[in-house]
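Trainee: Chain by chain, the residues run as shown.
Number of protein chains: 2
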Amino acid sequence: MPPPRSPLAVPLPALPPLAGVRLGTVAAGLRYRGRDDLLLAELAPGSSVAGVFTRNRCPGAPVVWCRTALAGGRARALLVNAGNANVFTGRAGDLATRASAEAAAGLFGCKPRQVFLASTGVIGETLPVQKLIAALPAAHAALAADGWAAAAGAIMTTDTFPKAATRVARIGGAEVRISGIAKGSGMIAPDMATMLCFVFTDAKLPPPLLQALLERGLGNSFNAITVDSDTSTSDTLLLFATGQTRHPRVSEAGDPLLREFRAALADLLQDLALQVVRDGEGASKLIRIDVAGATTARSARRIGMAIANSPLVKTAIAGEDANWGRIVMAVGKAGEPAERDRLAVAIGGVWMAREGGVVEAYDEAPVVAHMRGAEVHIAVDLGLGRGSARVWTCDLTHGYIDINGSYRS
Amino acid sequence: MPPPRSPLAVPLPALPPLAGVRLGTVAAGLRYRGRDDLLLAELAPGSSVAGVFTRNRCPGAPVVWCRTALAGGRARALLVNAGNANVFTGRAGDLATRASAEAAAGLFGCKPRQVFLASTGVIGETLPVQKLIAALPAAHAALAADGWAAAAGAIMTTDTFPKAATRVARIGGAEVRISGIAKGSGMIAPDMATMLCFVFTDAKLPPPLLQALLERGLGNSFNAITVDSDTSTSDTLLLFATGQTRHPRVSEAGDPLLREFRAALADLLQDLALQVVRDGEGASKLIRIDVAGATTARSARRIGMAIANSPLVKTAIAGEDANWGRIVMAVGKAGEPAERDRLAVAIGGVWMAREGGVVEAYDEAPVVAHMRGAEVHIAVDLGLGRGSARVWTCDLTHGYIDINGSYRS
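So the sequences go chain by chain: A and B. For what it's worth, numbering that gives the first Met the number 0 labels the leading residue of the first sequence as 0, then goes sequentially. For what it's worth, numbering that gives the first Met the number 0 labels the leading residue of the second sequence as 0, then goes sequentially.
None of these hints come from the bench; they were simulated from the model. Take these hints with a grain of salt, some might be off.
[Claimed, not checked] Derived lysine to any residue pairs resembling SDA-like cross-links, with alpha carbons at most 25 Å apart:
#1 A/K130 - B/E359
#2 B/K130 - A/G356
#3 A/K110 - A/T67
#4 B/K130 - B/R21
#5 B/K130 - A/E359
#6 A/K130 - A/R30
#7 A/K130 - B/A360
#8 B/K130 - B/V167
Work out the full structure, taking the sequences as your base and the hints as a guide.
Mentor: Here is the structure:
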């Protein structure tokens, strides 16, 4: 039985066509039955591509493939399957990536290295690559400019809702669009690209510029979230630019002409990253953690992540317990500079601990009400310096155990 | 309702008297009702003491007290309360440690700095120190050489069984005894002292030697276990030597005369550490992880701990799923040198993954049987060098959520 839809789910936005992108999905029968599990995306000739990937030392074969392909900077197609991660599948896994890229390249008349691959699902099972290749012509025939919702659905695994976002931005006088889809929803940890996320724009941006823009957008999105501290072997975030909309030429990520685009991209990435957290396995609450007063921004982020990854903090929030003592513990375990008598902790805007002790007679009623809500805000002030960071996570519930403790999920 | 007794519980061993130690417990009513929650231990005059403590940056007031007191190297009493951790209690917390140490010192006619303190329980609530002090005379009156079982019980919080161990060893021709009690059972993480653990011996060992012996014994015991990756603010491990048994004088930890003693102490510490893991909150399986072939021992330990702290590995084991793919993921996320094509993974002695892929046609029957047992053995060979490590943890079950997700546990 699939897990119930996350109580934190958000509706799928309408995604209008984006010049230079067509999407096709099919039920390839790789693992799931009765649903599409293969996505093929066509990108206009000349499209550029940027990407970031998991830092896991045992990455999947598709990650290895993409890293090499990225050096070319050009993309004609994206091929994604759900249900089998093609990870730790030995030489067969490497051969499967090559064979599927070659098959897709044949359909588009491009080089295999212009085909980008991603796989998500079980680790260590051989990818049924012939079945995948056999399904490609149908996916190709299904290519359509309005295939966005189907694409967001086809890449899901334990996700309980499809994830997408879209923005517009002007570059000079021209309006360009950015649209993306993503999937989660376990094995999500800091400083990784993400689970799978694919973002497309019709702007014309050369590969090195596109890469710089992508990396700028990570800090407050996919590198600021964690679900369970585990780091997938398949995390992949790709950004494609089809160049189909005419706008003034830009050559540097810092170009003032890109101000709106940078903001829109950062906003879209954060939107998608938070959708991934909202669908964290078993999540019932979205938790935002603001750390201020740390010695450095890096220290603040580490403290934020120590709180976000603490099972005791996460279970307390699941239990709607404003247990600030566990937050103090998590601050202390981060190993970063902290002093008891300067540390302050707030939940829902109410400062509960300050100057080394509980704030006597703080108003508990708004805290209790806040804990009952779907979004919980934690604030920590170290009182030491000017370093700050914001990170997001979800709570740890019985749902997580249900999803991950069943046989070969 | 208290959680049910851990299915991994072991019986409390009989602890004979140990020369120079008397133990008294009372129900001080600090938090619990109907049970002893205060332990007072008397140590013969001249007893030496060694200790290690949490590395959490927000330690409790008793930890701060003990660190200072340890400089004196001498102990006459140990005072432990359960139910209130006296952590993040500001200046009141510091005053409470001083007041209780002074009160106990009055009973024994010693200096306050010869009284060692430990508190465990809720963080951030003011310790009712007057109630504690009022209970001291009764605890003092209850002092007895056979108070070991009561002592092991009085320091419990969410523990579901009392933890103790005893060993004998010869130093020269003389037989000395080592006995210890411990309590867990959440907020247990690597490289920390422990939760609370108090070990006593009647050997005569000066403080610096005692400290060296204690630190030698940590690597394969309390620094090799983790329950939930969270690090308590109160972790305390104290080792007292009463010097009541005559034996040849020793002055160095490496002295050949101490060979048996070192081995017995290491064995006792490992026994107590594993009892803590066996009572990990919600634990249904004890997991042993052997890492070999890493570039260094330190790297091996980090990889072992990454596996031991992975929620996805721990939930899989709870579900009796031999999901070696998640073990590969955890190896990769450790950030230590690892190569897919050299990595091998075994569960229950059966190598399931090797040379970058699944071992075709491995015998699944013994693995399935092994997963159903109460103890699960994971082995990982990196194939890179000679670094090895062994660590222990428990699985992650609904029980953990039950215990920690309820209001102000």
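Trainee: Now tell me if each hint is right for this structure.
Mentor: Cross-check of the supplied hints:
For the hint linking A/K130 to B/E359, the alpha-carbon distance of about 21 Å falls within 25 Å, and the restraint holds. Taking the CA atoms of B/K130 and A/G356, the gap is about 20 Å. The hint holds against a cut of 25 Å. With a C-alpha separation of about 13 Å, the suggested pair A/K110 and A/T67 falls inside the 25 Å cut-off, and the hint holds. Using a Cα cut-off of 25 Å, the hinted pair B/K130 and B/R21 holds, with the two alpha carbons roughly 22 Å apart.
Between B/K130 and A/E359 the alpha-carbon distance is near 21 Å, which keeps this suggested pair within the 25 Å criterion. For the hint linking A/K130 to A/R30, the alpha-carbon distance of about 11 Å falls within 25 Å, and the restraint holds. The suggested pairing of A/K130 with B/A360 holds, with an alpha-carbon distance near 22 Å, which does not exceed 25 Å. For a cut-off of 25 Å, the pair hint linking B/K130 to B/V167 is broken: about 38 Å separates their Cα positions.
Violation of the numbered hints given earlier is confined to hint 8; every other hint is satisfied by the structure.
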